[in-house]
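Enquirer: Each chain, letter by letter, is given below.
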Amino acid sequence: MWAFIHKLGSPKWFYGISARLSPWFWAAAALLIVIGSVWGLAFAPADYQQGNSFRIIYVHVPAAFLAQSIFVSMAIAGFVFMVWKIKVADMAAAMMAPLGAAMTFVALFSGAVWGVPTWGTWWMWDARLTSMLILLFLYFGVIALRGAFSSRDSASRAASVLAMVGVINIPIIKYSVDWWYTLHQPATFSVTSRPAMPMEMWAPLLIMVLGFYSFFIAVTLMRTRSEILRREANKRWVRELAGEVS
Amino acid sequence: MSLRLQARKLACERDDRWLFKDLDLDIHAGEIVRVEGPNGSGKTTLLKILSGQLADFDGELYWNEHPMRRTRQDFLANLLYLGHAPGVKAALTPLENLAWYQALAGEPDDEAARFAALAAVGLVGFEDLPAGQLSAGQQRRVALARLELIPRALWVLDEPFTAIDRDGVAALEARLVAHARRGGCVLVTTHHELADSPALRRIRLGQGARDAEL
Amino acid sequence: MPNSDPHLARERDAVSLFGEPEGGAGVAIRATLKRDLVLLMRRRSEVLNPLVFFALVITLFPIGISPDPELLATIAPGLLWVAALLAALLSLDSLFRSDYEDGSLEQLLLSPHPLPALALAKVAVHWLLTGLPLALMAPVLGIMLALPAGSYAVLALSLALGSASLSLIGAIGAALTVGLSRGGVLLSLLVLPLYIPVLIFGAGAVQAAIFGEGVAAHLAILGALLAVALILAPWAIAASLRISING
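Protein chains in written order, with the working numbering: chain A, 1 to 246; chain B, 1001 to 1214; chain C, 2001 to 2247.
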């Protein structure tokens, strides 16, 4: 187990293994997203209340899932980095943050677009959208803090601490926002808390969610690989790779 | 009381440049170790690593033959560190500044000792003025009064002679030698040339001299 | 001549000279509390500025929105809470900054006593001289916003409880940004999202008091948030300070 963790911590080993893994995730992502989109957009039945506009769910919900999962992964990577000093974990966390922020933005944007046919407005202080907005600010904070330090080690450790503090707060924020929303109860219904969906609707949704996760893993592997090369540019194995040293 | 600070294969990288690499150190009781090198050669960084403030380095530290991680508490209880900034609060008087340091170090609250320490660094009559009204050299002396006030074996001093007049420099130098003679240990960076003494040892940092221990 | 062996004399001397510290962590914590209190009392403007800021922001709202007491009364709980929160945030940047600049912070970090406890002492002083005065002052500003009667005590109590959590959470951000030259704006970005639960339940408590509903649940949740912050924040502050001292 220990040997495994330390092997995983070696950038060189990670660089090799991720090269073999990432094509599979790219393939899975492409396949699942294509199947999910076609099924969800063309073949799933229209919603009896919202008609075809409900199909935004096939982008909105996977993006929202991913937005939260990426923050949690970032915090876990930060924890691993702080406790075991595994630099690859930090590189992965650094590379995840912009993707997480982008996914949060996609979830917010698709939610706003969905709001037009549903509520007749681009923005409602809906519990889910509000939580997403706060999550976006949390991502901005982590990204900005990492960028503010001149020393890379301090930047990594500060971002890790903030990600961990944030992840403890996310459920607290989510529950308090839900509570706040029910208290003020505007005269609408929440877009995603709805009666049970028929199978023909949620099956493509599940496929889309899995596709988005594969996409996330593939992108993170790819970006972490290039970050490894950047940070380890002085190391012998990277220079050998680049053909500078024979 | 034994006292031994060791470093094995110490290496520190800043901005893709090795400040030092494969640095082995072995510091004993009764020694004054002067860390030398041009500006930017990593003297302050080395002192911060050796005083347990920096975690971003490769290599191992040992305190009294034990890995530093396990004896950190004991190490800190024996350490007196004086950094670039004197650590003197401008709004507090020298006496109040020292009172905090006394409590922080776990020493009993002793006003007479504080007066004595301030007298030893030549600050008689300035005890009750806000430190902000003192000159830079006097503020540095308030910081140096901690050497008198708080009995610690290992002194790590980063440029302690800064802003101090000639008499003060001579007194401080004598103080360092006396501390080493009593079985203490001093780790110091300074641009001031220390007089040769059997206790004095030099470590040189900087280009091409990364593992030279003269 | 007794003790003619110089080695023996040195041994004995060393033991008596460099004895282990005697006082416990309690002494160090008390001294830190006292030192920070004295420091803030000598720079009163730092204590008064957040209070003036609070009053000023509250003055802006009737001017910017409308002097209509009915309208003001409905938005007063939120306004008071948001303005107090911003005022508390304003003072956070200086929490560790002067210690960082004059070198006392590295001395604090090198103390053999537990850093989370020492950091907690500093946060306690910050709350005592920022959060608590804001809470005591809020009812006066409540009058100016035509806050309905019966909610004044709850306003002060919720602010006193909530601002303690705000100080603790904010201190994490202050510790993370203390080494950065342009840390002030970043601090707000880091800390404000984390303030939202406290704001929701704090303003909610005042709202509930206005509607004549029970406020016990709100205050209990504010207390629970404070308990969580008290347990976790000191460790995060300590870790953040150690990172910041690295530069």
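These aren't lab readings, by the way, just hints derived from the structure by calculation.
In this text, all values refer to a predicted model and were calculated from it rather than measured experimentally.
The reader is advised that the hints may include incorrect statements.
What the hints assert, rightly or not - Have a look at the derived ranges for each label pair, beta carbon to beta carbon:
| id | chain 1 | residue 1 | chain 2 | residue 2 | range |
| --- | --- | --- | --- | --- | --- |
| 1 | B | Ala1163 | C | Ala2227 | 41 to 49 Å |
| 2 | C | Thr2059 | B | Asp1110 | 45 to 53 Å |
| 3 | C | Thr2059 | B | Ala1163 | 44 to 52 Å |
| 4 | A | Ser10 | B | Arg1070 | 32 to 40 Å |
| 5 | C | Ala2224 | B | Ala1091 | 33 to 41 Å |
| 6 | A | Ala42 | C | Glu2070 | 19 to 27 Å |
Stated by the list, open to error - Just so you have them, the derived chain C footprint on chain A, three or more residues with Cβ under 8 Å:
| id | region |
| --- | --- |
| 7 | 33-44 |
| 8 | 157-169 |
Glycine included, each C-beta is placed from N, C-alpha and C at the ideal position.
Enquirer: Look at each hint and say if it fits the structure.
Expert: Here is how each hint holds up against the structure:
Remark: the range hint 41 to 49 Å for alanine 1163/B to alanine 2227/C is upheld by a beta-carbon distance near 48 Å. Judged by the Cβ atoms, the range 45 to 53 Å given for threonine 2059/C and aspartate 1110/B holds: they are separated by roughly 51 Å. Under the hint 44 to 52 Å, the C-beta atoms of threonine 2059/C and alanine 1163/B, about 47 Å apart, fit the expected range. At about 26 Å, the beta-carbon gap between serine 10/A and arginine 1070/B misses the expected band of 32 to 40 Å.
Here the CB-CB span from alanine 2224/C to alanine 1091/B is close to 37 Å, well matched to the stated 33 to 41 Å. Roughly 54 Å separates the CB atoms of alanine 42/A and glutamate 2070/C, a value that falls outside the hinted 19 to 27 Å. Taking a C-beta to C-beta cut-off of 8 Å, the region 33-44 of chain A contributes 0 residues in contact with chain C, too few for the three needed, and the coverage statement is violated. With 9 residues having a beta carbon nearer than 8 Å to a beta carbon of chain C, the region 157-169 of chain A meets the requirement of three or more and the stated coverage holds.
Going through the hint list in order, the structure does not satisfy hints 4, 6 and 7.
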